[in-house]
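Asker: Mind docking chain B on chain A? Use the hints.
Next come the chains, spelled out residue by residue.
2 protein chains.
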Amino acid sequence: MRSIGVFDSGIGGLTVVKELLDTVPYERIVYFGDTARVPYGSKSVETVQRYSREDTELLLANDVKLIVIACNTVSAVALEAVKETAQGIPVIGMIEPCVREAARSTKNNRIGIIGTEATVASKAYERGLIEEGKQLGKQIEVFSQACPLFVPLAEEGWTDHEATRLVAEEYLRGLKEEQVDTLILGCTHYPILTGMIQQVMGEDVRLINSGAVAAQEVRHFIDGRSAKSPVTDHLVLVSDVPRKFQQVGARFLGRAIPDAKQVQWKEAWVITRQAI
Amino acid sequence: MRSIGVFDSGIGGLTVVKELLDTVPYERIVYFGDTARVPYGSKSVETVQRYSREDTELLLANDVKLIVIACNTVSAVALEAVKETAQGIPVIGMIEPCVREAARSTKNNRIGIIGTEATVASKAYERGLIEEGKQLGKQIEVFSQACPLFVPLAEEGWTDHEATRLVAEEYLRGLKEEQVDTLILGCTHYPILTGMIQQVMGEDVRLINSGAVAAQEVRHFIDGRSAKSPVTDHLVLVSDVPRKFQQVGARFLGRAIPDAKQVQWKEAWVITRQAI
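Residue numbers (numbering that gives the first Met the number 0), protein chains in the order written: chain A, 0 to 275; chain B, 0 to 275.
It should be emphasised that the hints constitute simulated quantities derived from the structure, not laboratory data. Where hints are given, some of them may not hold.
Identical copies go unnamed one by one, so any copy, or any two together, can satisfy a pair.
Stated by the list, open to error - Restricting the straight-line Cα-Cα distance to at most 30 Å, the calculated cross-link-like pairs of lysine-lysine (DSSO-like) are:
#	residue 1	residue 2
1	Lys137	Lys17
2	Lys243	Lys122
3	Lys122	Lys260
4	Lys175	Lys133
5	Lys175	Lys243
6	Lys64	Lys137
7	Lys106	Lys243
8	Lys260	Lys175
9	Lys243	Lys133
10	Lys64	Lys106
None of the values given here were measured: they were computed from a predicted structure.
So here's chain A without its partners, still in its complex pose:
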């Protein structure tokens, strides 16, 4: 039985795996977190594309039938790189399903998106939402905000800390002023901070968890094509020593996490003397 391959820059993608375990419990998952090179969201498009190709190759070596990009940054800047590398294996990213859901959901046609610097700079959500809006006959306006401090706050577990509230108020002020009625959590770390983000935005704003929406897409995709008995022997791979991943991972996964294995790799610098 071939597995669903899921990858992320590190630990955030476990919030997507959490949704998959609920949505398609009868599928085996191979997860790869690139914990030795995390984060991706503050790095360049070129570097994220290179890393994403390598991550995809690792999943392919584990005989996957479907690849889920459980990272909004990769989905925003390296979807094509992953598809090329995947050589015909289907690829589901975080953006397309989420864009369809948000465009359908908005009443006032004002949608906010928060994510990493790389995701926001890519404008991938804007393009998708405006295009999707056109097909629905809606003239959608999109307001974006990079929230780089949300990732370390989520990893520290400061979900209710006053400092987190101040950071959230600072980042979200502009989106509130623009009166968005729908806010896309465009980074797989952010579901950890859902409570605080909802408080700051107000109860009337609908938050969309990109991982949850993508898990529905996965269910549609594989429905009828797989065994229907729950599996539990999932495989978790990381590129750094698993210690810390194992500790923080349970909070992201919402349950005990299987023992992660470190992948063996080698980096060869191609460096000669630089011109001075």
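Answerer: Chain B alone, transformed into the frame defined by chain A:
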């Protein structure tokens, strides 16, 4: 004329370069920031050692006469790995000079140290301070605190933000209660937050900037052994695309930064199918 090689996981080491430019303006500097794999401080000892060896090889390929480890994490967990790789080229880390200065400086023999998770977990500062204290006939007590949010706050430039104050109060509370009279800024990012840390700790606590102390060590080391006319053609190398480094770097360096060049490298994954 051979250069002084300086490396860090990314941008923080520029606060050390800033001190070197003031202290030994007649030395050419080759700086390497591993921006494609930053940060090191939340990664494992094994991974940081591997990266540090590769970083050292890169500097050696650029004909350096001295290596300065402008990263407390590397100094704490990979000093020996760097020395082995350097094959006889002298290596100056952040910890030894700082430990001597702090042990001499303390009046009440209570010293605080803040740094990354990896630096604090290593206990390298504790061991050094207690040993140094013995030689001075002082019974020194050391109190350590990891401050992982300080790095992204410094990079965001939120030096005076109320959220930064709350984070600093949370992290530094224990050290204040222990009434340390000396606090080591054990991460090269932290000098950016000196103002806030001093406010929270109170004016009576002496903050020690590990980079500034190490720069004095460099001056002693090379004194009399180098040309005495200022040089300006320093070389800055990074592993990611330099765009963001160039933007944020000027704030860390305290002046305009030379154009950074991206090093060419290649990573080869040694991955076969993992056992499921």
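Asker: Hint by hint, say whether it matches the structure.
Answerer: Now for the hints, and whether the structure bears them out:
{"no.": "1", "hint": "Lys137 with Lys17", "result": "neither (33 Å within a copy, 53 Å between copies)"}
{"no.": "2", "hint": "Lys243 with Lys122", "result": "between (33 Å within a copy, 18 Å between copies)"}
{"no.": "3", "hint": "Lys122 with Lys260", "result": "between (35 Å within a copy, 27 Å between copies)"}
{"no.": "4", "hint": "Lys175 with Lys133", "result": "within (24 Å within a copy, 58 Å between copies)"}
{"no.": "5", "hint": "Lys175 with Lys243", "result": "between (36 Å within a copy, 28 Å between copies)"}
{"no.": "6", "hint": "Lys64 with Lys137", "result": "neither (36 Å within a copy, 65 Å between copies)"}
{"no.": "7", "hint": "Lys106 with Lys243", "result": "neither (42 Å within a copy, 37 Å between copies)"}
{"no.": "8", "hint": "Lys260 with Lys175", "result": "neither (43 Å within a copy, 40 Å between copies)"}
{"no.": "9", "hint": "Lys243 with Lys133", "result": "neither (45 Å within a copy, 35 Å between copies)"}
{"no.": "10", "hint": "Lys64 with Lys106", "result": "neither (37 Å within a copy, 65 Å between copies)"}
Of the numbered hints given earlier, the model fails hints 1, 6, 7, 8, 9 and 10; all others are met.
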